[in-house]
Amino acid sequence: MRLGKRRLGTLVLGVLFLALIAGLVACGGEKSTESTTGTTQSSGGAGATGTSAAGGSGSADEPVLRVGALLSLDSIQGVEMKKWLQLFAKLYNDAGGWKIGETTYRVEPMFYDVGMWDATKSRSAVEKAVLQDKVKYLVCNWGDIPAETLSVTEPNKVLWLGLDFVDDSVKPTLNYAVRAQGLFFAQGLFYYICQDYIKQGAKSVLVVCPDTQQGHVGAQLVGATATTAGMQVLDPIFFSADTADFSPIATKIASQKPDAVFFSYVAGASLINAIGALKDTGWKGFILPGELDGETLNNLVAKVGKEYVEGMETGSYDPRPVEKDPQTLNYIDAYQQQYGDWHSEGCFWIGPWFIFEDAINATQSTDVDTLVAYLTSSKKGVRTLTGYSQLFARPDLQNYKTVDSAPGHYIGVVRDGKFEYLETIACKDQYLSSIKVYGLKDVYQKYWDEYGYPEFPDQPARLDFSDL
Amino acid sequence: MRRAMLFKSNKWWLIPAFLLAVALPFFVGAYRLQIFIFVITYSLLALAFQLTMRVGLPRFDVAAWWGVGAYTSGMLMLKANMSFWLTLPISVLVSVVLGFAVFSVSVRRGMMVFMMFGMVFALALQQVFGSVKFFGGWGGTPQLPPVTIGSYVLNDKMWIYYLGMALLIFNLGVYQLLYKSRIGRAWSAIGSGLRLASSLGVNVVGYRLANVLVGNAFLALAGSFSVVYQAMIIPTTYGFQQSIYVMMYVVIGGLGFAMAGPIVGALVLTLISESMRAAQQYQPIVTGVITVLIIMFAPWGLLGVLRSRVVSVLQRLLSSRAALPDIPSSLGSPASVTAEEPGKDA
Amino acid sequence: MTLQLFLQILVNGLMIGAIYALVASGFTLILGVLQVFNFAQGQFYMLGAFATYAVASVLGAPYVVAILAALAAMALLGILVYFSIIKWTLRYGFFHTMLATVAFGTIVGQAAVLKFGYSTAVVAAVVDKTLALGGVSLNSGKLLVLAGALVVMGLLYWFMRTKIGVAMQACAENREVACLQGINAGKVFWVTMAVGCALCGVAGALVVPVLSASTNMGQLIFLKAIIVVLVGGTGSMAGALLAAFLVGIVESFAFQYVESFAPLVIFALVAILIYFRPGGLLGKPLPIPGQ
Amino acid sequence: MLLQVKDLWVHYGRAEALKGVSIDVPEGSIVTLLGANGAGKTTTLRTISGVKRATSGEIWFEGSRIDSLPPHEIVRRGIAQVPEGRQLFLSLTVKQNLLMGAFLLKKKSEFMHKVEEMTEHFPNLKERLGNRASDLSGGEQQMVAVARALMSNPRVLLMDEPSLGLSPIMVKEVAEIIKSVNSMGVTVVLVEQNARMALRLADTAYVLEVGRVVLSDRAGALAQDERVKAAYLGGRC
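Protein chains in written order, with the numbering used here: chain Z, 1 to 468; chain X, 1 to 346; chain C, 1 to 291; chain R, 1 to 237.
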């Protein structure tokens, strides 16, 4: 007995040391590449990609385009984005590679887990990507802390195409950061819905948000939008992000008697429970869910019945029922073939990939500076899975480069327990309604006078420059 | 003479370990050096945990006090334009004074209440950091100003690493002095049994409080240190999960090893976790399985197994007696059948 | 505040308090008898909810059957955990068993995430009526939770008076003397694990129609159980029951006024209680190691 | 020999508590263990009951070896212990305490029968059955402790310091209880600090000093032994 235990202990120790060695190897596994790329960088100057084997050992392998992503693999969005990036890479590689200029590259997506708004994890992830693996492009970041990541990417001239909820990544001092999935110019969505609800008779609105960074930013933005659209906005309610029992929240909502309740950054289980609890209080009115995918809607209908959510409008992240663009349909087909089932959580957030793809195809270059120059003087919208996404400048922050994006979005409406496509929010409306909501007309007018008005994709829009 | 003493005192491995630590930056790249900087930070946290374990108090508020150190330094640098070096003593002071207020409620109520109260406190503190506007909210503080020495900006990984190393060695030195002193003997007495300690006339509550506050001081230093390499402070970093990881470091390293256990545990787990960066969703499972296996088959941790192997080899060579270190017995169940012989009951 | 609002908040507090009571009494039972600080308690709650979902929504069985299934499944899992992990770590003492449950909880939690994803499992409301009594809207689902919890507590009260229940109390009070009476401690331990985990399973099962199931629901309820046990007194069952309702009601009211700062109110409550009544609400708690 | 302890060694951690103790307990007798605090008397009883494991040595009961059995099995074989300081389950009622003592009895009727037997034996307990054990006086608690131990129909009763903390009148009563228990045919192993009372009751006596048996003889003979007189009977009443 005793001896057996000891032997087992030794076994465990042995396994652990093996694991440790494996860990060390994995941490340091890129050492050869590191030195190779190092020389490439110093001799070639540009050091565009990790041309892993081609440069150093002189083998005949095709060059590799490494695309990094800092993702929170703790979250559904992170996992879904990882799947999409793998799919995109596979599609290129199956077709023989990505032809950029004269070279054909094999696409290799690299994933780095950053936890969820965790400073130390963000730091070690970005350092592994940038310093160890010499990744030159960080596309589609989710869950990282931009202030933390950018302090590593900027000095190392790494292209950062991510998203953030404060304005850390769109400061004029930054040279290699583009907020390719911005929410600053995304007020069109709420603006449309506010207008629709006002038309149906809603007068006052209460914004309900989780007590998180996005929650607070969201509450401010949604509140401002509703005010601009002409609704009376009550004091927002913040609740602890891991709340499971929404009865106290619903009771508080009902006690303030608003006509409409807007949830911002409330999704999945929270959303279902929150609306369920609202129904239990007997409150009736307009609801704007923060995020609603097909599965959540089905669950919601199962829980509260379809009458309660009839006519509910929301932004859609699911391109399937609405998008007729053949390229998008191809991607959706490929996704379903590859993974067998369908999740829409990543569709919206994967937008930066298309902006990156567009920049490379347009410039036919892998050089970071060339790409940045293209991106920061962007003129047109790029098609993403969820519609057109377009980069704009931020003159309100004295940043005259196009570094912040208006993401593509749809509005859908719930009818008979099903989600129906209502309309697409035009890039122009995203842009203009946001400026209107923030009251930045004067600042932007000066910018337009100097640099000219931006051009938009050809879409029907509700607003024009004269409406500001 | 001194060298002979060192070899005799069974601490000869300290010299190569120290040399290795000093030489490390010359062999590894910037990213891996950063990993070692994290290992240093986690070691500091685990050492504080181990310190209170010595008096029979497991604490789950380690990450919270780490956050107190980071926030104090960061806030003073941001809002009062203070030099980083000036904030160090202040963060220690804040951590100790606040700690005194909190722990004077809970320490006298025994281990169980101390532990659970610590959890509730950590939860509440994170809420404060997250929800109070002054601290920057859940999104964290604005970008922190860089740490400088005179006009030199401390952003070279190597010097940050050496700073951390110095802090770690300082920490180890202070703990060693404390363990060897009268206070340390009182702590050991408390650790090996409360009744015994009280019967020896040891003021259990007082010594425990002192112990926890010493831990707090070094946790605050660890927090301030993290400001050196971190661009900003964000409340979610200092959550409950991190405290649980700290506990795992200590056990995996070896509970009986006051100094080396936490460091080895932090090193091993951080490297394992780091090596699984691309498959992070499996990392908790791997860590969990490793922990269960260690507890069941190597309850004295990696170092315990290592030492028992070395000892058994030495025993065979020298046929002399050497024993494993004891786990503080107040953490064991009270003398009872089942705790001693669980295999025989069912 | 109107009377109507006051009653509404009170009802909310009672409902969530009932759930806290079940989870916390399971936790405190295991803590008292086995002297195991069960970190995985919340995961049993989560698994109970998913088991109910599986039986009620996927297999389409009646809800009552689903509750019983969740109860049985969690009891079995508790026994399994006892025999596979806890029994072998008991000899090393309190700290090791605690860490074993931490590790087990981590594994189960992450495995659940990998299996169920981040999605939500919804069980349709069993009775979907909102009773309005004098302006207070009482959702019948919530009343069902409250009623179910009271039934389970009644059963627990009865069980603690059976021979094995008394043996559990005896073991909690003085394990060695209990063994000297011929009580088989090993048997008492696995029964305790079964009961403690089954309580969580039932809590999860009861709560699913109202709150739905998600893989992260365990962590929070565990911390709430800790708060309840602190307020009620470590190891005291009656204290835990009383404290659960108190915490539920305080939380409910605190949210109305301070919203997300409610945890601070709870913290203050706990701190004051510990300072003035170290034994918790009901005075003398059962002995716990390492005091 | 009903119960035999042979060359028992017991350790607490690295400290030796018993260093080769051997004791013979003949059927129907009262055997007492004397000795100062820390001599190893309580350890001997705990080891016989199985709650403490011996490092080496053997314990034989009715011809079979019991030193590796779990405590509940030892109780089943017929060895019950009244622990030092009575140690009732204070949060339970008297009846529940008795129920615990009868844990090994399967049938409820058997239990009720035993309870009746005990209330006959200790009439004071009759109206106390529903009370919490914590409400009882020291003497009553001692009665419950003995009754509890007798619930399992033991052949051997191990009693650890039954007179501790009791008034002189109660001590006499306890002595009576021990006698009557013995007269029911139960063999008693008595550990006592009150050597005078113990020697008066016992047939055989063992004197322990720091984990060793230093003297053993018939109780009557030991009571006359000068060393015993000086060490254990001197200042005591």
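Be aware that one or more of the hints could be misleading.
[Said to hold, decoys possible] The calculated DSS-like cross-link candidates involving lysine-lysine, where the alpha carbons are at most 27 angstroms apart (straight line), are:
1. C:187 - R:19
2. Z:418 - Z:379
3. C:187 - C:163
4. C:163 - R:172
5. X:133 - Z:83
6. Z:257 - Z:324
7. Z:157 - X:133
8. C:187 - R:107
9. C:187 - R:172
10. C:163 - R:107
11. Z:171 - X:180
12. C:163 - R:95
13. Z:446 - Z:306
14. Z:401 - Z:418
15. C:187 - Z:90
Simulated from the structure, these hints should not be mistaken for laboratory data.
Structure-based check of all given hints:
| no. | hint | result |
| --- | --- | --- |
| 1 | C:187 - R:19 | violated (33 angstroms) |
| 2 | Z:418 - Z:379 | violated (37 angstroms) |
| 3 | C:187 - C:163 | holds (13 angstroms) |
| 4 | C:163 - R:172 | violated (34 angstroms) |
| 5 | X:133 - Z:83 | violated (37 angstroms) |
| 6 | Z:257 - Z:324 | violated (41 angstroms) |
| 7 | Z:157 - X:133 | violated (33 angstroms) |
| 8 | C:187 - R:107 | holds (19 angstroms) |
| 9 | C:187 - R:172 | violated (40 angstroms) |
| 10 | C:163 - R:107 | holds (11 angstroms) |
| 11 | Z:171 - X:180 | violated (54 angstroms) |
| 12 | C:163 - R:95 | holds (11 angstroms) |
| 13 | Z:446 - Z:306 | violated (49 angstroms) |
| 14 | Z:401 - Z:418 | violated (42 angstroms) |
| 15 | C:187 - Z:90 | violated (56 angstroms) |
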